[in-house]
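Residue numbers (the numbering used here), protein chains in the order written: chain A, 1 to 452; chain B, 453 to 863.
Don't read these hints as lab results, they were simulated from the structure.
Among the clues, some could well be false.
In silico DSSO-like links for lysine-lysine, alpha-carbon gap of 30 angstroms or less [what the hints assert, rightly or not]: (1) A:LYS60 / B:LYS700; (2) A:LYS198 / A:LYS326; (3) B:LYS718 / A:LYS65; (4) A:LYS326 / A:LYS103; (5) B:LYS639 / B:LYS718; (6) A:LYS175 / A:LYS37; (7) A:LYS245 / A:LYS65; (8) B:LYS623 / B:LYS751; (9) B:LYS718 / A:LYS103; (10) A:LYS175 / A:LYS60; (11) A:LYS60 / A:LYS245; (12) A:LYS60 / A:LYS37; (13) A:LYS168 / A:LYS60; (14) A:LYS65 / B:LYS751; (15) A:LYS37 / B:LYS700; (16) A:LYS60 / B:LYS623; (17) B:LYS700 / B:LYS718; (18) A:LYS168 / A:LYS65.
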Amino acid sequence: MSTITPTQPVAPAESEIEVGGLLAEFRSAADVVSAAKLLRRQGYQNLEVYSPHPIHGIDKVLNAKGSLLPWGALAGAIIGLTGGLWMAWWMNAVDYPFIISGKPMFSFLPSLPVAFELAILLAAFAVFGGAIALGGLPRPANRLFRIPAFARATNDRFFICVDEADAKFQTEKTKTLLQDARSVRIESVPVIDSRESKLPRPFVLVAIVLSVLALIPPVLIAKARSTTSTLPRLSFISDMDHQPKFKAQTTNSLFADGRSMRPQMAGTIAQGDLRDDSAFYRGIQEQEAAGSVSGDSEGNVTFLTGTLTANGVASIKDEQPKNVPKWVTEFPVPVDESLIRRGQQRYEIFCATCHGIGGDGDGLVTLRALELEQGTWVKPTSLHAEPIREQPVGQLYNTIANGVRKMPGYASQIPVRDRWAIISYLRALQKTRTATADEVPADVLPNMRELN
Amino acid sequence: MSAPTTNLTAKSDKAASHVKSSERTNLYLVLFTMVAATFVGMLAVGIGLNDGGRQLGFAWLLNVWFVLSICLGAMFFVGIQHITRSGWSVTLRRVAEVTGASIVGPVILLIPVLIALLSGHGNLFSWNDPSYVAGDEILEGKHAFLNAPFFSIRFLVYAMVWVSAGVWMLKTSQRQDRTGDKSLTLKMERRSAPILIFLALTTTFASFDWLMSLDPHWFSTIYGIYVFSGGMTAALAVLSIVAAVWVKSGRYQSLVTAEHLHDITKMMYGFNCFWAYIAFSQYLLIWYANIPEETIWLKHRQAHGWDAVTMVLMFGHFFVPFVVLMPRVAKRNTNVVIAVSSLLLIMHWLDLYWLVYPQFNESPILGSMEILGAMFAVSFTAVVAGWFAKGEKLIPAADPRLPEAVSHHVA
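Chain A with its partners taken away, still in its complex shape:
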C-alpha cells in the first residue's frame, strides 16, 4: 500500500559472501548424533557439536581425542609432591638447619602432609589453568554468538557447526547434506575480524599496569632484605604497636613519685605472700631471719660475692662473706619415701639436663655445650663433691630458688615443696656414693652383692 519501503542493503549473491562455515540446528539429540555420523561418514573432519546437555557417545562419533587435562593434573600432582618434599628438605636441612630436641634435620614422614597438600593444590591449579587454556579462554568474541538462533544451544536445541576450513566444505553441498540430515534451520557462520577476537586494548593495558604494580611489593621486600636502614620500621597497625597503657619501668604523671609501677602499700601484704615460715620458704633459720642476714629487712639474701678465676670456675671458699645466713640444717618438711620419689621425678625433669641423672655434672645439655667448645659454658659442679655434700639443706634450697654463679634460679618453675623434695632426693643420691655396707639394711645387702 505504501510506496515507501525501508531501504534495505542489497544482499550480495550468496557465493560472494565470505562464509566462515555453516551452523545447522536440530530438534533432538538423536538427530544431531545421526547428522554428525552422516557428516563423518562423508569425510568431514572439522565438526563441532553444541548441546544443552552431555550426549553420551558423541565423543566417539566425532572421534574426539581424550583430553590432555588428566595428564596436566598428574604432572601438577607429581611436581607438587616432589616440590613439597624438596621444599621441606631444603628449608629444614639446608637453608636454616635448626636442632629441635635432637630430632634429625629432615624427616620424611612429617614432610608428607605438606607434600600431599601441595600435590592436590598444584593438580587443581593444573586443571583450572588447563581447562581455561584448552578451552581457548578468554575469548572476547565468538562468531556463533552473532547468530541469534544459537542462543537456544543452552536451552533446547542442538547444533552442528561445520567449519569452512574443512577439506570437504562446499557451501551448497554441505547445506544440502545438513538439510537431508533433518536440520530445521541452517545459518551461515559469519567471518569475524581477527582483531575482534583479541582482548580489547583497555583490558590489556589495565592487565599490564596491574602486573607491573604487583611487582612493587616484592621489589620493596627484596630491597629491605638486602640493605640496612637507620629509619624505624614501618608501622602498619599503629594502634597495636602503640597502645595507650602503662608498662613496667615507665613514668606516670598521675602519681607524685612519677612511677607507673606502684610500690606495695605500707602495712599491707598480698594474698599468699606472707611466707612467714622462714625455714620453709627461704631455707634460713627463723630467729635469724630478720636483721642479721645480709640483705634487706624482709630476709632476702644478697648474692654471695665470688670471683671468677681464669678457668671460669668461681672460687667461693676463700672469700666467704662474713655475714653468711644461718642456713637451715634440718628439713622443714617431713621426709618420707613419697617425697623422695617426687624429688627424683622433679630432679630428672629440671636438674638432670645439666647435672646429669647421676649428679656428676654430665647432663645432655652439658655434654652438648662442651662438644660445641664455645667457652661460655661452666660445667656444673659434681653434686657428689665434698663442698656440696657438706652444704646445709637450707643453702641447697637457696641455690635451687635463686641460683648460684651461672646457674639461674628455678623459683618460677619449681614450687617450694618440690624444691625440698629435690633436696631430699639429692641427699639420697649423694648417699649412693658414700654409704657403707653397714648402713644398708641386712635383708637388702645380699642382693646388692649379687649385682656386683
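Fit chain B to the known structure of chain A by using the hints.
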C-alpha cells in the same frame, strides 16, 4: 517408560534363571564339603598344637573378621546408594545386599568365641584373664568396660543392628522385585540414614572390642575408621570382581556393562586411597607424638618380621593398585580389575592379619591353621549368601531407577 522397564524385567528374569538348578546343587555340595572339611581340619590342627586352642582362637577371630568387615562394607555401600539416590549402581546393588545380609554368617561364627569368653578363657583376650589383669593399674581401670558380660551385651547390640539392617535391606529390595512397589525405594532411602549412623557406631565399637582390645593397653581413636575403610575397599573389590565376571561372560549384557565396572572400580579406588590416608594419619600422629604407650603397638609391627608385612601392605594394598588402576582403560578392563581386586582382597586379609597376629606371636606365623580358617569363614558365609540369594533375582529388576542404570554412561 513402562515398555522398556517391562523389557528389562523380562531380560533380567531370563538372566536370573540362567543358573541351572543342577549347577546350583553342585556348587552347594562343594561349599558344604568345604565348610565341613575346613572346620574338621582347623579342629585337628588346633588339637595337634595342644596350646589350649590359642592359635585356633586367633585364626578364627582373624578370618571371621575378614568376612565380617566385608559384609559391613557391603551394607555401607547399599546404604550410601539409597541415601544418594544413585541410579548407576542399581544393577550391582543386589550383590551388595546379599553380601550385607550374609553378615548372619560371621555373627554366628563369633558366638563360640563369646561362649569361650563367658566361660573364662583368657588366652585370646588377655583382659579376660584375672591373673593378667591383677595388679595392672590400666587394665583394672578398663575392667568396667572390658569384661566378658558387658562385652557380650555389646556384641548382642551390634549383632542385632547388623542382622536386622542387612536382612531388612535385602528382603525389602527383594519384595520390590515381586510387588514392583515403588514406594519401597523411598522407604529404603529414609531408613538408610539411621542405618548408616548405627552402622558407623557399631563398626567403630565392634572393632575396638574385638580387634583393638587384643592389646588391651593400647588405644587409637581412629582404629574403627581404619577397619571400616579396609572392609569397604574389600567389599567394593568383591563387587567389582562380580561386575567384571559378568561383563566378561556377558551374562547381563546391557544391565552390567563396562560403564558399571568403571564406576564400581573407581569407587574401590577412592576407598583404597581413603584406607591409605587413614593408615597414614594413624601412623603419623602416633609417630609424631612419640608417646611410648602408643608407639609400642607400631614398634612391634616394625620389627620381628612384621616390618616385611608392613611393607607388603604399603605397596600391595596401596601403591600397586593406585598406579595400576589409575588409567581409565585399566578400570574398564575386566582382567585388570579382577587381578587388582583379588590382590586387594588378599591385602585386606593381610591387613587384618597385621592387626591381629602380632598379639598372637612375636613374629609372623602363617600356616595351615590360618589358610584353613580363611577357607572355612569364606565358604561358611558363601553358604549363607547362597541361602539368601536362592530363588531370587540377582538384579533388582523392579527398581524404578533401573533404566537409569541401564543407560549409565561414564563421560
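Against the structure, the hints:
1. A:LYS60 / B:LYS700: 22 angstroms, holds
2. A:LYS198 / A:LYS326: Violated, at roughly 94 angstroms.
3. B:LYS718 / A:LYS65: Given that 30 angstroms is the threshold and the Cα spacing comes to 22 angstroms, the pair holds.
4. A:LYS326 / A:LYS103: 46 angstroms, violated
5. B:LYS639 / B:LYS718: 28 angstroms, holds
6. A:LYS175 / A:LYS37: Status holds; Cα separation ~16 angstroms.
7. A:LYS245 / A:LYS65: Distance of about 70 angstroms is beyond 30 angstroms: violated.
8. B:LYS623 / B:LYS751: 46 angstroms, violated
9. B:LYS718 / A:LYS103: 40 angstroms, violated
10. A:LYS175 / A:LYS60: Status holds; Cα separation ~24 angstroms.
11. A:LYS60 / A:LYS245: 75 angstroms, violated
12. A:LYS60 / A:LYS37: This hinted pair holds, its Cα atoms lying about 10 angstroms apart.
13. A:LYS168 / A:LYS60: Given that 30 angstroms is the threshold and the Cα spacing comes to 20 angstroms, the pair holds.
14. A:LYS65 / B:LYS751: 50 angstroms, violated
15. A:LYS37 / B:LYS700: 29 angstroms, holds
16. A:LYS60 / B:LYS623: Between LYS60 (chain A) and LYS623 (chain B) the Cα gap is close to 41 angstroms, so the pair fails against 30 angstroms, i.e. violated.
17. B:LYS700 / B:LYS718: 18 angstroms, holds
18. A:LYS168 / A:LYS65: 21 angstroms, holds
Violated hints for the displayed structure, listed by number in ascending order: 2, 4, 7, 8, 9, 11, 14 and 16.
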